[in-house]
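**Student:** Just so you know, the protein sequences line up as chains A and B, in that order.
Residue numbering for the first sequence follows numbering that gives the first Met the number 0, starting at 0 and increasing by one per position.
Residue numbering for the second sequence follows numbering that gives the first Met the number 0, starting at 0 and increasing by one per position.
No lab work stands behind these hints: they were computed from the structure.
Built from N, CA and C at the ideal position, the CB exists for glycine as well.
A hint or two may mislead.
DSSO-like cross-link-like pairs, simulated, lysine-lysine; straight-line CA separation at most 27 Å [as the list claims (entries may be wrong)]:
hint, chain 1, residue 1, chain 2, residue 2
1, B, K144, A, K47
2, A, K47, A, K59
3, B, K265, A, K59
4, A, K274, B, K144
5, B, K51, B, K65
6, A, K270, B, K103
7, A, K47, B, K242
8, B, K65, B, K157
Quick list of the computed label-pair ranges, beta carbon to beta carbon [what the hints assert, rightly or not]:
hint, chain 1, residue 1, chain 2, residue 2, range
9, B, N50, A, L63, 24 to 30 Å
10, A, P200, B, N50, 55 to 61 Å
11, A, L218, B, V68, 41 to 47 Å
12, B, A25, A, L218, 20 to 26 Å
13, B, K242, A, L218, 48 to 54 Å
14, A, L218, B, P85, 25 to 31 Å
A partial selection of chain B residues facing chain A, derived with a Cβ cut-off under 8 Å [as the list claims (entries may be wrong)]:
hint, residue
15, I20
16, A21
17, A25
18, S120
19, S133
20, I178
21, F275
22, L276
23, F277
24, V278
25, V282
26, A285
27, F286
28, M288
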Amino acid sequence: MDVKAKKKFYQREGFRVRLILFLVMVIVSLIIVIPYVWMLSNSFKPTKETLVDASHLLPKNPTLDGYRKVLFDSPFFSWLRNSLIITVSDTLIILFTSTILGYLFSRFEFRGRRFLFMMLLFTMMVPAQVTMITKFILIDRIGLYDNLLALIIPAVVSAFGVYLCKQYCDEIPRELLESARIDGAGNFQIYFHIVIPQIRPAIGSLAIFTFLEIWNDYLNPLLYLSSTGKQTLPLALSFFSSQHQTDLSATMAASALIMIPTSIVFIVFQKQFIKGIAMTGMKG
Amino acid sequence: MKKKQMSRRKRSHILYGYLMIAPLTAGLGIFYFYPFFKVFYDSFHVVGAFNKTSWAGLSNYVTMFKDPVMWSTLWNTLRYVLVIVPFTLALSILLAALLNTDIKGRSVFRVIYFIPAITMSTAISMIWRWIFNSDFGILNFFLSKLGIRNVLWLSDPKTAWITISIVAVWMNVGYQMIILLAGMQGISRSYYESASLDGAGRFQQFFGITLPLLTPTIFFVLITTLISTFQIFDVIYMMINSKSLAKEASQSIVLYFYRNAFEYSKKGYASAIAIFLFVIIMVITAFQMKVQNKWVNYDQ
């Protein structure tokens, strides 16, 4: 009886605590979600309505004008194309160089290997601003200013990517590589048929990270791309506000449109995302 | 015979290594190490039109230490760090702890909390800029219902940095939370089982087991947030108009660097600021390496 009562009490206490925790989580969710709701709501408001006040959260006269302006009265599709070109090529190049260099640093003996690897790790610690001015002048000198290549060529190696792939390559059993070699496989065959499949988790999270980082990058396009038709999506948002007045509904419509690709990537690869991020924490 | 074959294979192996590493070395040289040394060089020069340099000795550094804007910028940055880092850390630990319970719907909450981490920071800044807008923003609308009128969130030099910090924390928490949650899930169940047998409650378990065993992850999050906050740029650049009264009061080191280098065309001075930033980051890294072994609990 006594024990039963005690158990019941604990269950009830547990329920109360649970309810409070649940409510806290709901409130936090609202704090996260409301800005997005506000964005969507304003993207469907006529421009005039956005400038009155915020007394009505939802649009009174919903319209697609904002979206129309973004899609048809601005070079939105050029920005999208530029963003895609830069993001896809950078991601593919970085995946290629990271895996091959990771394999190289892990399994090949050559003079200065340790030194070079240390140098590579050092670049991760140096803030980007340190090299920014000279890189900018360099890019300008070789005539790549206002050219998409300015965002592709300097980005071919990711120190983090090489580091990550090397960690994974270190764990490939030696016998696996040896036996392939004895079977007469060349270096590239080994790379494609053994190394790549073995380090797939690292490749997955590296791909997601790189994609997001470059897709969302603001500073580099701001520096290197000046003409409107050459710019990328992150710069697009200021397009509607740098004119005489900020067009809120167009800006919010553009924000909403810009979020679609990353949201899709996130929804599809949610598990890899979370695993990948968790992995970086472990490696710390 | 066999030995000779081996060595030939080994030699080709080494050659292959060199061959593959050559482009990397060239790339690192051109895009990292040349710029890295050049910025030291530039910091002792005046960089004029067409990027011609002339020797200036220590004058860039002297200017920097005498420049009141540099000092206020440094103070602003420290202020950001002192507010954003602790709040990010505390809130992400709290949320991770909430998600680490058996509460219903936690996988949905996890996704929601993570959304800001995948949203473009420029889009986030734009949205918040309008939420905080003093005339048409939703926040001031609700505050006016409560009798608080016309808070100048972004244009008042006294409040702008707080507004920026709020947005930065809002953006940071989801990502760090995932790292901490993974750390929490790595803690062996057996600790909790024996603790609850001893009658330890939820909160005792959190402070007695979770926090101490989580120190390596907490430390990692602390250092990465610290370094990224010292380099805060996007949010301020997007949210504070360059004509705003709060421009100087909200300016961070990186922003001041950026403006000197690319807007005021004082590249020599900007180089000195970049070196200064580099020294700060290196000090943090050195601190990290030194302290790590002392108070971080690694035996899991």
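**Student:** With a cut-off of 8 Å on the beta carbons, see whether B/S133 makes it to chain A.
**Tutor:** 11 Å, violated
**Student:** Double-check B/L276 for me: the hint is only fine if its C-beta lies closer than 8 Å to a C-beta in chain A.
**Tutor:** Hint holds; B/L276 Cβ to chain A Cβ min 5 Å, cut 8 Å.
**Student:** Compare the distance between the alpha carbons of A/K274 and B/K144 with 27 Å, and conclude whether the hinted pair is satisfied.
**Tutor:** With Cα atoms ~44 Å apart, A/K274 and B/K144 exceed 27 Å; violated.
**Student:** Does the beta carbon distance between B/N50 and A/L63 stay inside 24 to 30 Å, or does it fall outside?
**Tutor:** 48 Å, violated
**Student:** Taking 27 Å as the top limit, are the C-alpha atoms of B/K144 and A/K47 close enough?
**Tutor:** With Cα atoms ~23 Å apart, B/K144 and A/K47 stay inside 27 Å; holds.
**Student:** Under the criterion that the straight-line Cα-Cα distance not exceed 27 Å, is the pair A/K47, A/K59 satisfied?
**Tutor:** Holds - the C-alpha atoms of A/K59 and A/K47 are around 11 Å apart, at most 27 Å.
**Student:** Does B/K242 lie within 27 Å of A/K47 when you go C-alpha to C-alpha?
**Tutor:** Since the Cα atoms of A/K47 and B/K242 sit roughly 24 Å apart, the hinted pair holds (cutoff 27 Å).
**Student:** Hint validation: B/I178 versus chain A, beta carbon distance must be below 8 Å. Holds or violated?
**Tutor:** Result: holds, 4 Å to nearest chain A Cβ.
**Student:** Take a quick look at whether A/K270 and B/K103 sit within 27 Å of each other, Cα to Cα.
**Tutor:** 19 Å, holds
**Student:** B/A21 was flagged as interface toward chain A. Is the shortest Cβ-Cβ separation under 8 Å?
**Tutor:** 11 Å, violated
**Student:** With respect to the beta-carbon atoms only, verify the hint that A/P200 and B/N50 lie 55 to 61 Å apart.
**Tutor:** 45 Å, violated
**Student:** Hey, does the B/V278 contact hint survive, CB to chain A under 8 Å?
**Tutor:** Violated: closest Cβ of chain A sits about 10 Å from B/V278, beyond 8 Å.
Going down the numbered hints, you'll see the structure goes against 3, 4, 9, 10, 11, 13, 16, 17, 19, 21, 24, 25, 26, 27, 28, while the others check out.
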